[in-house]
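> Letter by letter, the chains look like this.
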Amino acid sequence: MAERMLITLSVNGVAHEVAVPPRRLLSDVLREDLGLTGTHVGCEHGVCGACTVLIDDRPARACLTFAVQMEGHEVTTIEAVARDGALSPLQQALHEEHGLQCGFCTPGIVMTFEAFLRDNPDPSEAEIRDVLSGNICRCTGYQNIVAAVRKAAAVMRGEAL
Amino acid sequence: MKPALFAYHRPQTVADALALLAELDGAKLLAGGQSLGPMLNLRLARPAHVIDLNDLLELDFVRRPPGLVEIGSLTRHHRLATDAEVAAACPILATAAASIGHYAIRQRGTLGGSLCHADPAAQLPLIATLLNAEIVVAGRAGTRTVPVRAFFVSSLVTAVQPDEMVVAVRFPAFRPAQGWGLEIFSLRHGDFAIVSVAATVTCDPAGKVAALDVALGGVGVAPLSLHERLVPFCGREPDAAWGAELGCLAASAVAPEDDARIPAAYRRELAMTLTQRALAAAVERGKDQKHG
Amino acid sequence: MAETPFTQIGRALPRREDRRFLTGAGRYVDDIALPQALHATFLRSPHAHARILNIDSSAAAAMKGVAAIVTGQDIAQWANVLQMAPPIEGLRPTAMEPFPTGKVRFQGDLVACVLATDRYLAEDAAEAIEVEYEVLAAVADMDAALAQDAPRVDESLPSNLLSEQHFASGDVAARFKSAHAVVTACFSQHRQTQLPLETRGCAAVWDEGRQHLTFHTGNQVPHPLRTALARRLGLSESQITVVCPDVGGGFGQKIALYREELAIAALARQLNRPVRWREDRLENLQAACHAREQRCETRAAVAADGRILALELSMTEDFGAYCFFPGNYIARVVALILTGPYRIADYTYRVRVALTNKCGAGPMRAPMAMASWVMDGTLDEIARQLGLDPLSVRRVNMLTPAELPYTMPTGELLEDVTPSETLEAVAAAIGYDDFRRRQAEARKQNRFLGLGLCTVVEPTTYGSRFYKAAGILGSGHEAAWVRIEPTGTVRASVGLMATGQGYESSLPLAVAEGLGVDVSNVRLELGNTDVAPYGMGSRGARGATAGGGALYLCARKAQEKVLAIAAHMLKLNSAGDLRLREGDVERLIGGAWTGTGIALTDIARTAYLDPLALPPGMEPGLDVSQAYDPPPMTYSNSSHACEVELDVQTGRVSILRYVVAEDCGTVLNPVVVRGQQQGAVAMGLSGALFEHVFYDETGQNLSSTLADYRVASACELPNFEILPMHTPNQRTPAGIKGMAEGGVMGAIGAVSNAVNDALAPFGVTATHQPLTPPTLRGLLRGRI
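As you go down the protein sequences, you meet chains E, W and D in turn.
According to the numbering used here, the first sequence is numbered sequentially starting from 48.
According to the numbering used here, the second sequence is numbered sequentially starting from 26.
According to the numbering used here, the third sequence is numbered sequentially starting from 200.
In short, the hints are calculated from the structure, not lab data.
Source: prediction; values computed, not measured.
Just so you know, even glycine gets a beta-carbon here, dropped at the ideal spot from N, CA and C.
Please note: incorrect hints may appear among the correct ones.
Said to hold, decoys possible - Cβ pair distances, simulated, as ranges:
#, chain 1, residue 1, chain 2, residue 2, range
1, D, Ile231, W, Asp85, 38 to 44 Å
2, W, Ala285, D, Ala224, 55 to 61 Å
3, W, Pro172, D, Gly264, 46 to 52 Å
Claimed, not checked - Distance condition first, Cα-Cα at most 20 Å in a straight line; then the derived DMTMM-like pairs of lysine to aspartate or glutamate:
#, chain 1, residue 1, chain 2, residue 2
4, D, Lys770, D, Glu818
5, D, Lys376, D, Asp230
6, D, Lys263, E, Glu50
7, D, Lys376, D, Asp545
8, W, Lys312, W, Asp238
9, W, Lys53, E, Glu50
10, D, Lys756, D, Glu684
11, D, Lys302, D, Asp317
12, E, Lys198, D, Glu920
Isolated chain E, as found in the complex:
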């Protein structure tokens, strides 16, 4: 069996040539081979959600994905969410609503809701909590994260607050 496979990994719009063993997790390749350490590893069995990235704009667990699978796909990580130094509306709302404390779960939550809010511009609190249930936060009790997502949605809809 080929020990390493040479693949082209497109992350945040940049193509990287990497030689990786097939078993190497996308989370490890992002962090260790590409230096994109904003994707955090919290459980490596798909439960905590900290490693959530976008694959072709859909949220996915980087710890349940092998890097070799990503040839031909576009991966987006937390490092690409703020544009030109400006926080996205979701990031800004998380800041204003105190939706993060230790920050370890935060990138996964941002990635999940960046995708979710594109599909669901006006979610209810129950819908937000349903989606948020896939990301464990040990610090906040979730209340402020929910408030932040609602605020971000309103801002993205262009509503005055």
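Once you have looked at the hints, place chains W and D on chain E.
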């Protein structure tokens, strides 16, 4: 917590995938990877070869042959949960899919993967069992159709042979006046169910039960259909007593075992309670449907 | 906040930390690039209790990428034993090897360490190590451990009884004789774990030329960790720098120096090569640190109106297999503060701590959390048995404002607390009287509502005098420095370490207030032992009082120097009529503060660059240090009210409403405090209802994934309604009290009391947490 070594294969057609399956020893199919991934990371699964099916876009489809909803095995849970055709033709399937795991999990997890993983508490095996779905299985000799009752052999074991793969699932489309109920009881939102119950009820214009089906998950090694025992419950008023009798039937039909944290008696009680609730919801929803 | 004397303290500012966390630019231990670092993994015991007869790593050592495989025999040459032998009556001294050699004591205990060029290869090799074990009988619960002839977890001890302590105050026996009734109650709290989202981990770099160790780790107490590392490695403290980057949560798990970390540090030194370890979640759940497994039985002598005449407590704790902390220290605090805000003079306790073949226990956010459940749960049991209303039983027993300050029977002094105010506030907010009407209506429709109350006095900050009195080695002081640089920018540091508390957004307010500048001009630097002053770090809820207090006093001292210079520049005899506000020196002239035209920037420039212009004899620069030892104990207080609905068919508890009134004195940044309140309540509810480190009777941990160790998700938790109150503490700097653990205490009690209120019509009481559906349904079986 890192996977053991394996070789990786990425076929571009179903035929290529089947050829690889035939050729390689110790191969495992990888679809959404949301169940296999953790097992690989924990080294509970140690295949020598992983065959990645994610390029087989021909298996990602929702079709409507007459009276059926036919769904490709690579169709993601998120699509099942949000596809308008699925919602119209098989609403319980859409609702069940929307309750699987979590949002990010549903973006990757697939119908075929869920059925082949065959967790006895999982949603899609339950719905397939309830609706008596047919599973289309491809092998090098051609495809065969497996009725769901012959599909789930045991916990995590199916009738799919090592050189075969699931390519599609056929669910019967809902009929007019067919109501449905789904009760998934888990300790936390998104967890695997301790017990789950799915039911459909069709009443005639006079309000008498014309047809019903009930299936339970989490109560044995595979989802359990009560289909064979439901005839006496047709032709009756679907009132509380009817529901209570069916709850008792469900409780007596299941044979759960004690595990370290959940006593069998509790699962039996849940089977009774959730059956009643699922049936009540099904009756209510049926009232909202127009008769054909 | 209402009117305050402050201009900086109390400002509701969004956090400074957020931007880096939101953009993926945070730097946690595992984010630090270390070229050529070896990756460690640990081979762990599959058995709860076994002798290691032989370890054969020859095949593994020959595998690809493997640099070294070491066992306890190797590490014993490089590191010292941990003696845990504080002079505490009733506590048996213990000694812990740096790494097991002859015996493993719990499933997940250490057997060998593999270093390889990456973690995948290290795990491959760990699987190839062959270990021969002699499996021993294990004790998997505290009662079995304390039975006669139980297998001994620590064979150097005569039994598994690690600690036993007694206390008596007043005439308990006489009160019981004259009591209207005697009410007993039982409370069993299950094993939990802190579960920081970032697991443990470290990276060690040995500089052979300078004979210096740099140890990167996310730890709550960098300086005590450095001291421990030095002692255990036989180095001087000057040979070690502990660097704590961003930390993804601690909650008590990141205080001790663990054996894995010691091994990594020793190996980096021995191999003269960087070594790193990132604990995986399986290890974290099996082998990091567990907490809370305690059982309490109370016996109360009561009067007809529910008044407690005397109280007895019997408590047992399961401490697991190893002592990373003195075995008595968690349980005894529960006993010390049990009576809380209630008027109880006659009190006795017995506290026993047992060793078992399970992961070692330690503090978890609010280690004494059980106290509030036990006390308020006892009051509820009194109400049930005497047919009284739970709120009225509380009112009868609770200290009135006129009775404060109050010395508890254990000698603990309660002052500047407001328990009756918080209790009445939550009772009013949740609509207590109307609730009883709604509850009765709902029962008629077979719906079962419950309301639980719990009042908390939270010991936040332990001063040195507390430790001394408790016979515990250590100090409660904290140290700070404030430096005003030549441009007038302000840097400050303190010996705390943040693990998510938002110190960078709260503590600078204390500096800004003390100094007289805008907070935007103050930058806080934490976590590097070469930079920060030696302090006791972050544990308990001491950050604001001890750390904020030290910084505030230090900044005041800096302001004095600044004003002395200003007075000299203004040719005044004294600085008495001067103050610094927003970085400008003002003078009181005719009762009005008036600008002097001198700014901090001018003074800083003078202090550094023109020292001859300073007052005669004054040293150049603006560099001030201050240590501060808080009062023996500082208390915050709160009351919690929780409304639940119990589905009696399934046993499911739904939280309908949750209200907290909390008086935590002067708060530095109310945004941060609100976040701490919500997070603490969430942790308490999650623990009481869902989380459970579950061992079977053979000592196998059946909860080692996050699918099995169930922490509450966003769908299980409600929104929290918080009523803030701010009675300052008269003895602490700026009136700060501290907070962040009381939420856990109150939540555990309030939700349990609510569930029992819902269960009341069935004549059953839940005494064992977690309050899971199968457990509650089990209580109801045959009673509906």
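> All the hints need checking, so say for each whether the structure fits it.
Checked hints:
1. D:Ile231 with W:Asp85: 38 to 44 Å: Roughly 41 Å apart at Cβ, these two residues keep to the hinted range, so it holds.
2. W:Ala285 with D:Ala224: 55 to 61 Å: violated (43 Å)
3. W:Pro172 with D:Gly264: 46 to 52 Å: holds (50 Å)
4. D:Lys770 with D:Glu818: Within the cut-off at roughly 19 Å; holds.
5. D:Lys376 with D:Asp230: Cα-Cα ~65 Å, so violated.
6. D:Lys263 with E:Glu50: OK: lysine 263 of chain D and glutamate 50 of chain E at ~12 Å, within 20 Å.
7. D:Lys376 with D:Asp545: Holds. Lysine 376 of chain D to aspartate 545 of chain D sits at ~13 Å (cutoff 20 Å).
8. W:Lys312 with W:Asp238: holds (17 Å)
9. W:Lys53 with E:Glu50: holds (18 Å)
10. D:Lys756 with D:Glu684: Since the Cα atoms of lysine 756 of chain D and glutamate 684 of chain D sit roughly 16 Å apart, the hinted pair holds (cutoff 20 Å).
11. D:Lys302 with D:Asp317: violated (29 Å)
12. E:Lys198 with D:Glu920: holds (19 Å)
Comparing the model with each earlier hint shows violations of hints 2, 5 and 11; every other hint is respected.
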